[in-house]
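Working from the sequences, and respecting the hints, build out all of it.
Chains as they are written, first to last, in UniProt numbering: chain C, 1 to 222; chain W, 1 to 222; chain S, 1 to 222; chain Z, 1 to 222; chain R, 1 to 222; chain P, 1 to 222; chain B, 1 to 222; chain Y, 1 to 222.
These are computed hints drawn from the structure, not numbers from a lab.
Treat the hints with care, since some could be wrong.
To be verified - Pulled from the structure, derived: some chain Y residues nowhere near chain R, Cβ distances all over 12 Å:
1. D9
2. P34
3. V97
4. G130
Claimed, not checked - Cβ-Cβ distance ranges computed for the label pairs, FRET-style:
5. B:P94 with R:D9: 14 to 22 Å
6. P:P83 with Y:D219: 38 to 46 Å
7. R:D9 with C:E215: 54 to 62 Å
8. B:P94 with R:S182: 19 to 27 Å
9. S:Q222 with W:V210: 43 to 51 Å
10. Z:K145 with P:H78: 42 to 50 Å
11. P:P83 with Y:V210: 36 to 44 Å
12. C:K211 with R:K102: 37 to 45 Å
13. Z:P70 with S:Q222: 44 to 52 Å
14. Z:E98 with S:P214: 39 to 47 Å
15. C:D212 with S:K145: 47 to 55 Å
16. C:K145 with B:D219: 44 to 52 Å
Note that the Cβ used here is the ideal one computed from N, Cα and C, for glycine as well.
What follows is each chain in one-letter form.
8 protein chains.
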Amino acid sequence: MAATNGMLDPDDTVMLLIDHQSGLFNTVRDLPVPDLRNYVIALAKTATLLDIPVITTASVPDGPNGPLIPEVHEHAPHAQYVPRTGQINAWDNPPFVEAIEKTGRKTLVIAGTLTSVCMAFPAVSAVQAGYKAYCVVDASGNWSKMATDTTIARVAQAGAIPTDTFAMVAELMRSWNRPEGSRFAEIIAEHICPEYKCLIESFGKAQAVVKDGPETKMDKFQ
Amino acid sequence: MAATNGMLDPDDTVMLLIDHQSGLFNTVRDLPVPDLRNYVIALAKTATLLDIPVITTASVPDGPNGPLIPEVHEHAPHAQYVPRTGQINAWDNPPFVEAIEKTGRKTLVIAGTLTSVCMAFPAVSAVQAGYKAYCVVDASGNWSKMATDTTIARVAQAGAIPTDTFAMVAELMRSWNRPEGSRFAEIIAEHICPEYKCLIESFGKAQAVVKDGPETKMDKFQ
Amino acid sequence: MAATNGMLDPDDTVMLLIDHQSGLFNTVRDLPVPDLRNYVIALAKTATLLDIPVITTASVPDGPNGPLIPEVHEHAPHAQYVPRTGQINAWDNPPFVEAIEKTGRKTLVIAGTLTSVCMAFPAVSAVQAGYKAYCVVDASGNWSKMATDTTIARVAQAGAIPTDTFAMVAELMRSWNRPEGSRFAEIIAEHICPEYKCLIESFGKAQAVVKDGPETKMDKFQ
Amino acid sequence: MAATNGMLDPDDTVMLLIDHQSGLFNTVRDLPVPDLRNYVIALAKTATLLDIPVITTASVPDGPNGPLIPEVHEHAPHAQYVPRTGQINAWDNPPFVEAIEKTGRKTLVIAGTLTSVCMAFPAVSAVQAGYKAYCVVDASGNWSKMATDTTIARVAQAGAIPTDTFAMVAELMRSWNRPEGSRFAEIIAEHICPEYKCLIESFGKAQAVVKDGPETKMDKFQ
Amino acid sequence: MAATNGMLDPDDTVMLLIDHQSGLFNTVRDLPVPDLRNYVIALAKTATLLDIPVITTASVPDGPNGPLIPEVHEHAPHAQYVPRTGQINAWDNPPFVEAIEKTGRKTLVIAGTLTSVCMAFPAVSAVQAGYKAYCVVDASGNWSKMATDTTIARVAQAGAIPTDTFAMVAELMRSWNRPEGSRFAEIIAEHICPEYKCLIESFGKAQAVVKDGPETKMDKFQ
Amino acid sequence: MAATNGMLDPDDTVMLLIDHQSGLFNTVRDLPVPDLRNYVIALAKTATLLDIPVITTASVPDGPNGPLIPEVHEHAPHAQYVPRTGQINAWDNPPFVEAIEKTGRKTLVIAGTLTSVCMAFPAVSAVQAGYKAYCVVDASGNWSKMATDTTIARVAQAGAIPTDTFAMVAELMRSWNRPEGSRFAEIIAEHICPEYKCLIESFGKAQAVVKDGPETKMDKFQ
Amino acid sequence: MAATNGMLDPDDTVMLLIDHQSGLFNTVRDLPVPDLRNYVIALAKTATLLDIPVITTASVPDGPNGPLIPEVHEHAPHAQYVPRTGQINAWDNPPFVEAIEKTGRKTLVIAGTLTSVCMAFPAVSAVQAGYKAYCVVDASGNWSKMATDTTIARVAQAGAIPTDTFAMVAELMRSWNRPEGSRFAEIIAEHICPEYKCLIESFGKAQAVVKDGPETKMDKFQ
Amino acid sequence: MAATNGMLDPDDTVMLLIDHQSGLFNTVRDLPVPDLRNYVIALAKTATLLDIPVITTASVPDGPNGPLIPEVHEHAPHAQYVPRTGQINAWDNPPFVEAIEKTGRKTLVIAGTLTSVCMAFPAVSAVQAGYKAYCVVDASGNWSKMATDTTIARVAQAGAIPTDTFAMVAELMRSWNRPEGSRFAEIIAEHICPEYKCLIESFGKAQAVVKDGPETKMDKFQ
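Shown next as structure tokens:
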């Protein structure tokens, strides 16, 4: 699609949120768990905002891996959950691949805990199957930083595109000049870049001071 | 108070939340901003839960320092806001000290952005004035890690007690065996220790599996 | 093999464990030595569980490099040890290559201490010789982190696949739904991801509490 | 006791192992969990070897905090477990203090998860109550590194002695020249300092080479 | 151009400085903000020195993103500012691409805050459109280090060339043996490599001592 | 001085800027050199603004240590330079101590490169001689981070007060409500906390938008 | 050359040691300077041992960049020094390329300070000119770690091989089973891997104890 | 001694170099081993230069701890070696204390591997016995950084003075203005601060250029 300038086409995209489970989260060591949780929420909210199909799955959620974090389906109520029967690579589960195929879309945004397994394996398989695959590394969560380093190299070598949550959301939204603009700003401020939330607060106050006058009484400041 | 075993007495305690302002937050480099914001919320909620007086103040909030983050008064609606007229050390502002004195309490829990200034200066002054002062270092936020290292040494040298948000909340609640027990668990899971939230989720699921049976269909696993 | 979806085929795989020697371990600076030792054990146990041939070798083990760590052959009793006569690149040692060729397999899982030498050189040679080569970076151990960074780039450039121990074990086991499922869980919990061991312990306790009732006596908690 | 030269007297010592629970371990971020587990084992084994009384306790082990890790009582079978009824500071639990008092000993070796709470609070209380208290910081495990930094300053300020597992074991054993000497070496090599295990392996091999001759055949090396 | 030996041709180059805005700077976490500001100045000054066209743009500068830092146009007074109407990828803004096309040049030096969005997206689009694109990673500024790691892999995969400010300036200046030589030294010492400034100061002093004699009076030193 | 609430009295203060030399700067490894240079400038400017006496000295500036960085006297033109004749501890140089004594002031603000030598030694001597001594650790610069850690402990133990540049400037200025208020803001934004400079820029722009209207043309944003 | 198994052929190799100058060394921030100095010595000694031609050059050594460190020519007395007249990329200097061409060899081992300039530029040019180029990243030294990360990606993308000093020496020596074997061990122990020096010392002592008996008198150890 | 201004008196000083053994060095993780080796050499050479008595000892050097590194006695040929019979705290070994007492000196400079044991224990005992004790933390080497942090706090609490190698050498030499001045510079440049070596090289070259003229031929530089 020429108009995308090498960027992803949101209308051709499916989002795969794989194995974001509370137990697995407790094994994540390459980024803070609350950041990871927020990045997953950001992806879910973005997909909802843009009507992008979401497919979720979990790896043995009734064992120590724990349940899917509730926020995934809470913020992507349209998501389709596909149970697995033990397969590690979600792509080895035929109903999972069928769910993707039914959408008729060929671009995949993939995040999965653990990065080097649950994100990387389906990504490699998807590229092999002819899909364009984006790997959202920091919405995945891995058991070691070194494992993340090797995984970035591996998926890039396989032809999948490594990216991060902020870039992914930005690539999907494409422009601030759209009715949902402020909703995207909210997603970024609340879930991706908390420094941005401070900026919004300061921005509002700075403008209020012009309109309402200052609060601090200082008689000697210049 | 002998019964406290060297621990703080919540009934003798006032909480001082100083200069937690959005602009200053954007200068914090010794811990992630969302963590800082959450730790401040945790202190505010804890004070509310225990009816501990809270006094807040801000440093020139109508300039680049920005407004107080709204969560402080949102989660401690009983807090008293004391404006300043430019003093850097809140203790140099007579109404601030008077507000403390009115409570009749002699133990201070102090957090302030920036740590080495807004937390440390009042702590030094308070000790000098005869108070027992706890410095909640990670609910303060500083402009550099080295500044935090020097500040821990400085306030300890001055006789104030350096501590962290989790320890502060725990020292205030003293026991899980109290009616508000689960509210404290919530504060810790939501605002201090996000790994704990995962544990609660996994705990619930593990028990649900016993009651409701497993979800994953595996015929070969042993 | 279409069914593998771009994943490795365990039945076509040979594992090469090269120069995991106690002296060389004392020069490793890119990951903690006990982690490295455990990752090597994990690979050895996995190979044994799946009847994957293992070939080991050592570099001048009667000098300061020290002996092979005993765990390699202890946990992979079927492993074949091929002595060298001083060659640094194990691929330069004809009996080593012959041992691989005898298996008739064309996929190699390679780990070796030091990563940038003992893992990387045979990997480059193997790819050149027509093999598919996986490089298990964190089961190798290197003399500096920067050397590991350059090595990931080098082996990827040469066409070998950089990966980590967890991903390697997962790619070999493919599914939890197999008779050895719990044995794999054990390998992961004991040797790769110790946080997982905690999860298993907590999971068991949470279920025991449902069955046997709580232990803590709290009359005020809600 | 003049003969101790400022060192602790093992015959006057009780070891307190507090709240080393699997759930809490999953919240530890200041040191790797397997290291923490090993350091606790090292303390337990050392106490057993030296007939030092051990008192354990757990904080709501039937909730998300999880059960005591089994290794504590496994390696200190003589340890006395004192249940609590919700108190956060173990010193607030009268049976816990009574158990200590019954030993008639006045030196306490304290480790507890989380460091800034479960180790620090009893340490402060113990010093207040007239005990000499050692805080084994790295056998405790804390929710953040910054919290550990403040805790070291706090317990030192309160008069407790901050130390680490290796130093604690060494201070308790005092000399290699004792019948249990090699058992201590084993504890250190297996549980505290894994680099030491490599040294022992290399040492044995180096001596074997002298006795049995070299293995590598090199005809050109000089 | 054979004479460039694989290096960029300054006469074929346009510099794109994208979204270096004060608000976005407050979200940068992969390098210190003053370094970032200096690197941008270094690029601007270099372009000015070499008469390289500069095109700037900003993303919603009247909102929390904040204004372009004034130094960009201050040090590149010939720069052309192209406003956008909300597009995130500057390449999606036709006047921006037209401005590039008008120069008739086919090599782009791109820096943009945030790296994984404002630098990476136009770089991918530019390569797709047939340009040679250099990505100056450390003159961009990103919201996380992990995001920078994925971005380096992404732009390299897309065929853009990742580089750093020092290398970029050096590749543009090509030789010290030119009339502007000392101006380049100044740019490097003032804005890129402050250690170099010390070297220049020491160099001057060392030579002055030869000419003017020493200052320190020491009668015993040898 | 009761009115100072435990804070320093600027009218009783002398600033000692010791051995900030270009060669020594090239050996600094505990903080970035440009930060160090800026912190020294911040101290110099603050002293000038407040008419605080400044005494400087250099250690063998005609050798590899290099000359004093020119900014010291540039920004504190009233500073008195006291040459030494080789003494490492400036306090061992009688003219240096005499210069201090002549001011009649008893509070010293000390910064010196290297921290563990040129700052720490005079601090220890000053305390011994009855002065109140502040050690500005991050305006000193040390050869290793571990050396800085030991130095903070050492000077605190000796009774000197460890602090940082921001805290030092704030303790000296005491209030924003003074004629020089905006000059202090400038010092902080330009030399200490560059994130603050961004805040000022954003603040101005946010207010300008209210007054002058927005610049970005977006027709769909809400 | 088939026999090399994808490894470099020492007889086809020239070593380029570029701009290892004392001033530039003082700007290196991606690895410790003494390590860098040692790695350069290791390369020089290895080239000498193997009769590999070495070509050196310096960038304006009579200015602040400083002289070549003397160790280069000291340990590679056969090295040919080629002065430049200001060119930054050594490949832009015709006599430099001619010196390479005269050797008739087509494999280049390149190290240069700064990595992203003095190593990377000639590497890119050399690949373009048909050479096989090895980039010894840690024998180069760069002005920032981020610059090194981008450079590894850049040279790999250009077709040069990123590597480290240990791997480079090992790839050149190929086997311990050669007359110079112990000389290589010396190079590694003295200049590359200091942990290895400890191993050699311990190895010797362990063997001496077998031959000469123990030294420590312990009567109770078992 | 008033004249020392709170500094140590070299004529009252004994240096204790404890357990710097090759095996123990391989367990050091808080600083690089070659740095540690150099710092020990620096202390030994300084003691020799100043005729300060040195007492050495080793902990079971005929076991895996390995022999004393040879450099200790090589660079302090006057050092007295006192064997132990298994005691961990050297102070528990009567001949060791007697050797100190024989010197009649009361100030001790102590370094020992491992820091938290071999340096800290004798330091605590020495203070208890009435000595002034300096702990050279970075000439000791510890098994973990956290252990070093706790040890700095512990020895400071006990009244010993934590310091670093550079500060220690500087405190002993006191002035550059002494016949051995250049020998001290050599110790610092060769063994403590390698950046200083570069400065000396650059300094010499800068002066040579004045005397001998420049080398680089540039016709266009200004």
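How the hints compare with the structure:
Against the 12 Å criterion, Y:D9 stays outside the reach of chain R, whose nearest CB is about 19 Å from its own CB. No Cβ of chain R comes within 12 Å of the Cβ of Y:P34; the nearest lies about 23 Å off, and the non-interface call holds. Against the 12 Å criterion, Y:V97 stays outside the reach of chain R, whose nearest CB is about 37 Å from its own CB. Every CB of chain R lies more than 12 Å from the CB of Y:G130, the least distance being 35 Å, so the non-interface label holds.
Between B:P94 and R:D9 the Cβ separation comes to about 19 Å, which falls inside the hinted range of 14 to 22 Å. Checked against the hint of 38 to 46 Å, the pair P:P83 and Y:D219 passes, with Cβ atoms roughly 42 Å apart. Checked against the given bound of 54 to 62 Å, the beta carbons of R:D9 and C:E215, roughly 57 Å apart, stay inside it. At about 25 Å, the CB distance of B:P94 to R:S182 agrees with the hint of 19 to 27 Å.
With their beta carbons about 23 Å apart, S:Q222 and W:V210 fall outside the hinted range of 43 to 51 Å. The supplied range of 42 to 50 Å is met by Z:K145 and P:H78, whose beta-carbon atoms lie about 43 Å from each other. The hinted range of 36 to 44 Å is not satisfied by P:P83 and Y:V210, whose Cβ atoms lie roughly 23 Å apart. For the pair C:K211 and R:K102, the beta carbons lie near 42 Å from each other, so the given range of 37 to 45 Å is met.
Between Z:P70 and S:Q222 the Cβ separation comes to about 31 Å, which falls outside the hinted range of 44 to 52 Å. The hint said 39 to 47 Å for the Cβ distance between Z:E98 and S:P214, and at roughly 24 Å that hint is violated. In this structure the hint that C:D212 and S:K145 lie 47 to 55 Å apart at CB holds, the actual value being about 54 Å. Roughly 49 Å separates the CB atoms of C:K145 and B:D219, a value that falls within the hinted 44 to 52 Å.
Of the hints listed earlier, those the structure fails to meet are numbers 9, 11, 13 and 14, in rising order.
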